[in-house]
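Peer 1: Just so you know, the sequences run in chain order A and B. The first sequence: position 289 = 289 (the numbering used here), numbered continuously. Just add 435 to wherever you are in the second sequence, counting from 1, and you've got the numbering used here.
Hints in this document: simulated from the structure, not taken from any laboratory. Even glycine gets a Cβ: it sits at the ideal position worked out from N, Cα and C. Fair warning: there could be bad hints in the mix.
[Stated by the list, open to error] Label-pair distances were calculated between CB atoms; the ranges are:
1) Asp469/B / Lys385/A: 29 to 39 Å
2) Ser140/A / Gly524/B: 24 to 34 Å
3) Pro467/B / Pro298/A: 20 to 30 Å
4) Pro298/A / Leu535/B: 23 to 33 Å
5) Lys448/B / Gln409/A: 29 to 39 Å
6) Leu321/A / Gln522/B: 49 to 59 Å
7) Lys448/B / Gly24/A: 40 to 50 Å
8) Met521/B / Ser139/A: 30 to 40 Å
9) Glu168/A / Tyr531/B: 34 to 44 Å
[Unchecked claim] Using 25 Å as the maximum straight-line C-alpha spacing, the simulated SDA-like pairs for lysine to any residue come out as follows:
10) Lys459/B / Met374/A
11) Lys459/B / Glu414/A
12) Lys376/A / Gly500/B
13) Lys459/B / Arg359/A
14) Lys448/B / Leu293/A
15) Lys385/A / Met374/A
16) Lys449/B / Val283/A
17) Lys448/B / Asp284/A
18) Lys547/B / Pro146/A
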Amino acid sequence: MSGRKKKDEPPREGRGLLLSLQKGLCRGCTHCIRVCPTEAIRVRKGKAEVIPHRCIQCGQCIWVCPREAWTVQADSLSQIKEKNDNACAVLDSVVFGQFGDSTPPLRVIQAFRDIGFSSVREMGESLEIYRGAVSNFLSSEGRAFPAISSDCPAVVQLVQVKFPSLIENLVPIIPPYEIMAHRLKEEISKNSMASFYYIVPCLAKAHAAIRPLSAEGGFSGAVPLADLYNPLKGSLHQKNRSSDLGSEENSSFGLEWAYAGGESKALGILEASLVVDGIRQVVDILELAENGLLGTVPFIEAWSCPGGCLGGALNVQNPYLAKFHLQSGIRKYPSSLKSKASWGDSREKGLYRLNQPWRPREGMRLDEDLKVAMEKLRCIDGVVKKFPGIDCGSCGCPNCLALAEDVVQGYASENDCIYMRKGTKGSRSKRKERP
Amino acid sequence: MIGEFEIQGQDFKKAGEASFEIKKRLKRLGLPSDIIRRVATAAYEAELNVIIYAQRGTIRVCLEGRCVEVTIDDFGPGIPDIQLAMQEGYTTSPPYVKQLGYGSGMGLPNIKKNSDWMEIRSEVNRGTTLRFKVNLNEREKKER
Numbered sequence: 001m002s003g004r005k006k007k008d009e010p011p012r013e014g015r016g017l018l019l020s021l022q023k024g025l026c027r028g029c030t031h032c033i034r035v036c037p038t039e040a041i042r043v044r045k046g047k048a049e050v051i052p053h054r055c056i057q058c059g060q061c062i063w064v065c066p067r068e069a070w071t072v073q074a075d076s077l078s079q080i081k082e083k084n085d086n087a088c089a090v091l092d093s094v095v096f097g098q099f100g101d102s103t104p105p106l107r108v109i110q111a112f113r114d115i116g117f118s119s120v121r122e123m124g125e126s127l128e129i130y131r132g133a134v135s136n137f138l139s140s141e142g143r144a145f146p147a148i149s150s151d152c153p154a155v156v157q158l159v160q161v162k163f164p165s166l167i168e169n170l171v172p173i174i175p176p177y178e179i180m181a182h183r184l185k186e187e188i189s190k191n192s193m194a195s196f197y198y199i200v201p202c203l204a205k206a207h208a209a210i211r212p213l214s215a216e217g218g219f220s221g222a223v224p225l226a227d228l229y230n231p232l233k234g235s236l237h238q239k240n241r242s243s244d245l246g247s248e249e250n251s252s253f254g255l256e257w258a259y260a261g262g263e264s265k266a267l268g269i270l271e272a273s274l275v276v277d278g279i280r281q282v283v284d285i286l287e288l289a290e291n292g293l294l295g296t297v298p299f300i301e302a303w304s305c306p307g308g309c310l311g312g313a314l315n316v317q318n319p320y321l322a323k324f325h326l327q328s329g330i331r332k333y334p335s336s337l338k339s340k341a342s343w344g345d346s347r348e349k350g351l352y353r354l355n356q357p358w359r360p361r362e363g364m365r366l367d368e369d370l371k372v373a374m375e376k377l378r379c380i381d382g383v384v385k386k387f388p389g390i391d392c393g394s395c396g397c398p399n400c401l402a403l404a405e406d407v408v409q410g411y412a413s414e415n416d417c418i419y420m421r422k423g424t425k426g427s428r429s430k431r432k433e434r435p
Numbered sequence: 436m437i438g439e440f441e442i443q444g445q446d447f448k449k450a451g452e453a454s455f456e457i458k459k460r461l462k463r464l465g466l467p468s469d470i471i472r473r474v475a476t477a478a479y480e481a482e483l484n485v486i487i488y489a490q491r492g493t494i495r496v497c498l499e500g501r502c503v504e505v506t507i508d509d510f511g512p513g514i515p516d517i518q519l520a521m522q523e524g525y526t527t528s529p530p531y532v533k534q535l536g537y538g539s540g541m542g543l544p545n546i547k548k549n550s551d552w553m554e555i556r557s558e559v560n561r562g563t564t565l566r567f568k569v570n571l572n573e574r575e576k577k578e579r
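Just chain A, with the same shape it has in the complex (with noise of 0.2 Å):
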């Protein structure tokens, strides 16, 4: 078998990615090959690659990159301001902790207009009709526990991935990011020509708002904040006057969606709610729910970067201190979210469901065909036990097992590994001890 031929992998820079590397940069270091919690990454030829069909865009391959080579591909400020005149920022409620406390919401919202976009609007504004949806759906009979809070689209995607049992006990809402799109385009539809942008804490939310569940809920684009960090911070600092903004609208309640617990604290649930944060600790309770090992553990509150979204690799202030600032924002500028009533009653039976359901996605699958999956499940037992069995990752594999796999799939040789290299397996240099 070591002997056997690599054949090509099927497309590995798939054009459904929003991730992609910036070889130059990439040295073939492993750290992003052993925290991808789905095993989506090789590194081969000295560069890293995403296998696409199992990457769920957590986002920490670029949280854990030393030389910054993984990049996003999302709409500049410059493309935007070309393409079109009258641009709509959606700001993610994360965008309100990243410019100290002593910034109030709407003054963000003004430096968003000083740096070229014509309006300006809150996702807030959806996060009222999602809570009544989830809120009624959490309290229907009949629903699977416990039921996963599917606002998080990393956490979504390591279901389908990793978790294809736990399918069903995905809250079968659509997220608020698509709401807010879908609302938007009827505004527009009525209005004027427009285009909006969300502007993006994370990776995942990058890719749901330029491919959303449902028809009408896409943006024209997504925008990372980190990519407008320093002419907002130019834009906020030229116009540091200290004329009282902080008396108008603006939704605290959206605010605190931002972190790990805000969900649950909207939805009145956060004593009844198991909240987790961090994709580790997210793999690690799906694995006890798929177990059946959470008790009565009614809903999960799970997001894949740590504090929650405030912790999206797209941000630029740290988490915690992120956190900090908005809820002294939230203690300063209360909330009058109340104003938004007209959008609806989303305690309307059914309204905001999502139609259909989502589906597993095959990616740890060995073979289409049992018997073959079978037959190579043995060939994988096999190949493995003459590995080190040390995870070292300089085959490229995330360790020895994913190594195994890869040679029986025909994607890697048994030579990779460099322990069964000639005449260097098993042999030691002469070392001299340490005293």
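Got chain A sorted already, so can you dock chain B onto it with the hints?
Peer 2: The following block gives chain B in isolation, referenced to the frame of chain A:
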């Protein structure tokens, strides 16, 4: 054969490891998630029974035709009255096991609930062999 795992009696720290591994392997085969959940849940209960009561045991998972078959062999005290053991809530587990949160008398009933076929053969002071099957085709179960 999908996998075979050794289980050590009283090793509560490792409780669930074998059934977790079984679940992982079934996922690799791309079996329907409902089947995986049922096999894994039943296997977990069976694994715990070995840990609680027996000295040691093995758990073997095979694909036989259109069903997943799990066999758990153990060396242990055996079950004197199988009918009684099948009753929900009946347990002979010692207090320290209950303190660990196990042994609530739901193990065997749960295995029955999650499987399409189940058989127990037991000899007191020798050991127990538990076999259960989960049909791959969900319809087969529903038609019954």
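Peer 1: Each hint: holds or not?
Peer 2: Here's how the hints hold up against the structure:
Against the hinted window of 29 to 39 Å, the Cβ-Cβ separation of Asp469/B and Lys385/A comes to about 32 Å, which satisfies the hint. About 30 Å separates the C-beta atoms of Ser140/A and Gly524/B, a value consistent with the hinted range of 24 to 34 Å. For Pro467/B and Pro298/A, the Cβ-Cβ distance of about 26 Å falls inside the hinted range of 20 to 30 Å, so the restraint holds. Checked against the hint of 23 to 33 Å, the C-beta distance between Pro298/A and Leu535/B comes to roughly 25 Å, which is consistent with it.
Look at Lys448/B against Gln409/A: about 34 Å separates their beta carbons, and that is inside 29 to 39 Å. For the hinted restraint 49 to 59 Å between Leu321/A and Gln522/B, the CB-CB distance of approximately 57 Å keeps it satisfied. Distance hint for Lys448/B and Gly24/A: a CB-CB separation of about 48 Å, consistent with the stated range 40 to 50 Å. Against the hinted window of 30 to 40 Å, the Cβ-Cβ separation of Met521/B and Ser139/A comes to about 36 Å, which satisfies the hint.
Separation of Glu168/A from Tyr531/B is about 37 Å and conforms to the stated range, judged on CB atoms against 34 to 44 Å. The suggested pairing of Lys459/B with Met374/A holds, with an alpha-carbon distance near 13 Å, which does not exceed 25 Å. Restraint check: the Cα-Cα separation between Lys459/B and Glu414/A comes to about 23 Å, which is no more than 25 Å; the hinted pair holds. This hinted pair checks out: Lys376/A and Gly500/B have alpha carbons roughly 18 Å apart, not beyond 25 Å.
Simply put, Lys459/B and Arg359/A have alpha-carbon atoms about 19 Å apart, close enough for the 25 Å limit, and the pair holds. Under the criterion of a C-alpha separation no larger than 25 Å, the hint pairing Lys448/B with Leu293/A is consistent with the structure, at around 15 Å. This hinted pair checks out: Lys385/A and Met374/A have alpha carbons roughly 17 Å apart, not beyond 25 Å. Distance hint between Lys449/B and Val283/A is fulfilled; the C-alpha atoms sit about 19 Å from each other, no more than 25 Å.
Pair hint Lys448/B plus Asp284/A holds up; C-alpha atoms about 16 Å apart against a cutoff of 25 Å. At roughly 23 Å between alpha-carbon atoms, Lys547/B and Pro146/A fall within 25 Å of each other, so this suggested pair holds.
The earlier numbered hints are all upheld by this structure, with none contradicted.
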